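Peer 1: The lines below spell out each chain.
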Amino acid sequence: MMKARNAIALAASLVLLLVAIPFGIQASGRADLYYTLTSVALLSIISAGVWLTFYIGRINIGQGAYALMGGYVSAVLVTRYGFSFWLTLPLAGLFCAAASVLIGLPILRLRGVYFAMVTLVLTEVARLLALALPITNGAKGIVSIPLPGAVRIFGLTLIPDFATLENPRLAFYIMAVIAMVLCFVGMYRLVNSRIGHLCQSLQQNEELASSIGVDIARLRVIAYAISSFLGGFGGAIFASITQSIYPSSFTVADSVNFMLNCFLGGLSYVFGPILGTFVLYFGWDILYSFGDFQLLIFSIILIALMLVLPNGLFSLRLSRSRGEVTQ
Amino acid sequence: MEQVVVNGLYLGAQYALIALGLTLIFALMNVLNFAHGQMYVLGGFVTYTIYGQMKLPFVLALVCSGLTLAVVGAFCEKFLFRPVIRRSKRDESTMLLAAAIAFLLDAVILLLFGEKQRGVPKIINGVFLSDTIVMPYDRIVVGVVAIVMIATFVLYMQYSKTGRAMRALAQDRVAAQLMGVNVERYSMIGFALGAMLAGVVGGLLVTITGISSGIGGPISIKAFMMVMIGGAGVVGGAIAGGFILGMMESVGLTVLREFGDITYLVIFVCLMVFLSIRPNGLMGKPWG
Amino acid sequence: MITKRTSLKIVALGAVSAAALAMGGLAPAFAQTKELKIGFVGVTSGPAAAWGTSNVRSMQTRADWLNEQGGVKIGNDTYKITVVTFDDQKDPRRAIAGMEKMAQEGIRYVVGPNVDDGAAAVRPVAESKGIIYFPYAFPKSLYEKPASNAVLGMVANYQSAPEIYKFLKEKKGVKKIAFVAANESDPLSQRDGGVAAAKALGLEVVAANDTYQNDTRDFTPVLTPIVRLKPDLLVLSGVAPGNAPLLIRAARELGYQGLISAETAQDATVLQEGAGALANGFISVGGASTPEIRSKTMDEFIQRYTKKFGEYNDESNTKVYALDYIIETLKANPAAIDNVEEYKKTMDTFTAPNPYVKEGHPLKYVGTTSFGQKRQVSVPMVVTEFKDGKFETLFVGSVD
Chain H
1 MMKARNAIAL
11 AASLVLLLVA
21 IPFGIQASGR
31 ADLYYTLTSV
41 ALLSIISAGV
51 WLTFYIGRIN
61 IGQGAYALMG
71 GYVSAVLVTR
81 YGFSFWLTLP
91 LAGLFCAAAS
101 VLIGLPILRL
111 RGVYFAMVTL
121 VLTEVARLLA
131 LALPITNGAK
141 GIVSIPLPGA
151 VRIFGLTLIP
161 DFATLENPRL
171 AFYIMAVIAM
181 VLCFVGMYRL
191 VNSRIGHLCQ
201 SLQQNEELAS
211 SIGVDIARLR
221 VIAYAISSFL
231 GGFGGAIFAS
241 ITQSIYPSSF
251 TVADSVNFML
261 NCFLGGLSYV
271 FGPILGTFVL
281 YFGWDILYSF
291 GDFQLLIFSI
301 ILIALMLVLP
311 NGLFSLRLSR
321 SRGEVTQ
Chain E
1 MEQVVVNGLY
11 LGAQYALIAL
21 GLTLIFALMN
31 VLNFAHGQMY
41 VLGGFVTYTI
51 YGQMKLPFVL
61 ALVCSGLTLA
71 VVGAFCEKFL
81 FRPVIRRSKR
91 DESTMLLAAA
101 IAFLLDAVIL
111 LLFGEKQRGV
121 PKIINGVFLS
131 DTIVMPYDRI
141 VVGVVAIVMI
151 ATFVLYMQYS
161 KTGRAMRALA
171 QDRVAAQLMG
181 VNVERYSMIG
191 FALGAMLAGV
201 VGGLLVTITG
211 ISSGIGGPIS
221 IKAFMMVMIG
231 GAGVVGGAIA
241 GGFILGMMES
251 VGLTVLREFG
261 DITYLVIFVC
271 LMVFLSIRPN
281 GLMGKPWG
Chain G
1 MITKRTSLKI
11 VALGAVSAAA
21 LAMGGLAPAF
31 AQTKELKIGF
41 VGVTSGPAAA
51 WGTSNVRSMQ
61 TRADWLNEQG
71 GVKIGNDTYK
81 ITVVTFDDQK
91 DPRRAIAGME
101 KMAQEGIRYV
111 VGPNVDDGAA
121 AVRPVAESKG
131 IIYFPYAFPK
141 SLYEKPASNA
151 VLGMVANYQS
161 APEIYKFLKE
171 KKGVKKIAFV
181 AANESDPLSQ
191 RDGGVAAAKA
201 LGLEVVAAND
211 TYQNDTRDFT
221 PVLTPIVRLK
231 PDLLVLSGVA
241 PGNAPLLIRA
251 ARELGYQGLI
261 SAETAQDATV
271 LQEGAGALAN
281 GFISVGGAST
291 PEIRSKTMDE
301 FIQRYTKKFG
311 EYNDESNTKV
321 YALDYIIETL
331 KANPAAIDNV
341 EEYKKTMDTF
351 TAPNPYVKEG
361 HPLKYVGTTS
371 FGQKRQVSVP
381 MVVTEFKDGK
391 FETLFVGSVD
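Top line first, the protein sequences correspond to chains H, E and G. Here the numbering used here is used: position 270 in the first sequence is 270, and no number is missing along the way. Here the numbering used here is used: position 14 in the second sequence is 14, and no number is missing along the way. Here the numbering used here is used: position 125 in the third sequence is 125, and no number is missing along the way.
If you are wondering where the hints come from, they were derived from the structure by calculation, not from laboratory data. Note that this is a predicted model, so its numbers are computed, not measured. Fair warning: there could be bad hints in the mix.
For lysine-lysine, the following DSS-like pairs were computed, each having C-alpha atoms within a straight-line distance of at most 27 Å [unchecked claim]: (1) K387(G) x K122(E); (2) K387(G) x K34(G); (3) K230(G) x K122(E).
The following label-pair restraints were derived from C-beta to C-beta distances [unchecked claim]: (4) E105(G) x V308(H): 28 to 36 Å; (5) E127(G) x A20(H): 24 to 32 Å; (6) F259(E) x V308(H): 22 to 30 Å; (7) Q53(E) x G283(H): 29 to 37 Å; (8) E105(G) x Y156(E): 56 to 64 Å; (9) N209(G) x R87(E): 49 to 57 Å; (10) V101(H) x I140(E): 43 to 51 Å.
Sample of chain G residues at the chain H side, in silico, Cβ under 8 Å [what the hints assert, rightly or not]: (11) I96; (12) G130; (13) G258; (14) P291; (15) E292; (16) R294; (17) S295; (18) K296; (19) T297.
Quick reminder that beta carbons are idealized off the backbone N, C-alpha and C, glycines included.
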């Protein structure tokens, strides 16, 4: 019964994202929405990683570091070594996951503000490394990255060359939306799996979890690696969309925003990052007509939201429905 | 080398003062105040307006900075942090609130004072010169004032009734409440005091480094780092952290200058390694 | 019975016919005053707010002024200028969204972005949607072929640096030169350009690796080792207007005696407030910045700007130009109003009198030497010396 409902929800969201929205955009002529929605989808993937670290009870303000790393891995592989973009996508994610295991082993022992601070510093370290390492082309960044090429198997074109498409924005949109759906289906499965339940025990009481035989160190590193994978994956796609990457492409401000996305959507809801990202991103855009007062109104709304809904936007839903992870 | 050490000490004194307010608020309420830097900036602009624009005495300007921020701090605690802490499921929600307040203050400051870097006339002219050390008199004054203020603050926390109550609160909120400490009242006083410190430092440093509307965020981050080095929520830790960071910057920028832009990379990596080894900083209380 | 659907139909029919009537009745009136939208995508909030703010305010001041005079006549039509702004928060991904938004609104000419990464990121959008944009960023790849839609809005430091260093070498006997830059993309690239220029002139570069965090408030530790080396000239590469007075003050208070220069535009008030008399002798580059060369029009512009926004920003001496370039080029070739290819054609031959300086320095597109094509606006390269709160002209150069 549950399974069937989930399948219907999934199908409905796919129809909405892949059919209804593009159709609506075509009808209204608002072609610029493709890019903004692509951004939202990708940012919510990256934020999903942050959400997962929240899920194991860690405040992660370092996701920008992995997004930057992923972007650079993809950009370097494509421009220097002629890799196909599609191959660099998983590679960028895996590279970040591997790096996060190395970094995570020592720092995941930290908790609360200490972990938050170290990850914040990590974002800055990533930026400075990008400036200092020879392979990243330093301050000049990597520019003119080609658009994703075609993928063919036995002469059959699975994915067309983006550069030849009439509307590469639509292609990026479809790619981002599919990635987002896969990501959140995966997250949903993960959270409702045995590992997910164990992770939640970490969030509540690590000592207790440890005492009943949960290998907390391993669990934490796994969650952090998945989180960083998502960061690197999203960063790599962004590098391809902007066709350039600079040390300043993902900064501390971005890391903070990823965290805010999760908060706003609600830390107890798997789909919180999507809603949070959507609201934060478009909230900013809509307020753009207020000119000088944009930031003022934005922050006042943010504060009001916190006062009215301190547990995130999803807590608006009165019943504890499926998306929520019980505390 | 003497010059490098003196630079580091001066930098450390001002850093320590910035970190004090942040750590106080953290100790009392477990809130990492993202808006600390913005409060510093606001204090700087109040002093700029009163001392720089209206040409009133500097001391008066400094007092006004402190008072303004105390009011802002008390307001934030009573009407924003307290309800959110009471109703939220998770402690971290206060971080979002603090970040939103940081945005709000940024916006208000930008609207009120504009986007330009501002400065005020020097409080004292002249430069102290010796064979090995060059130090302008106003920096010496600011450094000394900073150290006096740190000492006063420590003594206040140690011996006054309010200070004792706040320390009790920081150690164990529930126990303090049971012993008859008015938790709400002292949380508010503590928050106001922390914000006031930020404002006073902002006002004090406006005479040396000026002030501009965009630097709140970076100042907060720097203050976080000092607090982490020393240990969150411990007054002594914040002071130690401030001096350590000041000294590291001063020495690092001299020793590592040949290698290009790696000074801060080294400092940050050191910080990460240090925290991995000592998860609660030099003398911090553990989280949770 | 009138259902909801039929009532909707009636409303729709009514609306369409009303609109048609309006169009028919008012068409001649519309033809006389049209709207010309010019975009701005750049940073107007956060630590770098000063850069974009001076852009936006220059554009708005100028647009209001032109509209007050009845708009601008391009071809047979008169246009009111509307400035559409977008704050990219110095985030390259936001900058793309901004550019997409401009394209959506049918805007063909956009001023900005203000930084290297933003300018590089919007390039694909601008090229695919047919938008000409005027970045304040120096990477040559933006302006060299195959890129063709970006027009540099100011003088690049690799163009001004050689002239300034040459002048100082010959006139002030500079031999040893030191560089200091923030550890970010734009300043570091500019520093590398400056170092190359200094070496080409045979100057001894005594410090080229010193950097600072852009949010540094106290520059004494950064400058202590450099001042020890006793350079004749200290170059503040790509320095943000807010940091310049702090650097100058720290250097002077450490006993530095030599010259200090920067290749980016600065603001006199900021320098005066932040460093006072210590900033005297500071050399920087501005547009129509000094009273010696600026025209009555420029004086009026400054007045209007001050009246509108409370305080003038000297960075606008350069930033005032972009909007005039766009409008004057459109006047020269009205077909370019919705066709950037026409605009590009006109750029090769375009020339118009410069309203902002007393004489000479006509508006024209340059950049052939640096980029191999005319993709830069010609702004008088006024090298200035700061003295008691004002800029004084040292010499005036130009770029080709």
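Peer 1: Run through the hints listed earlier and report the numbers of any the structure violates, in increasing order.
Peer 2: 2, 6, 12, 13, 14, 15, 16, 17, 18 and 19
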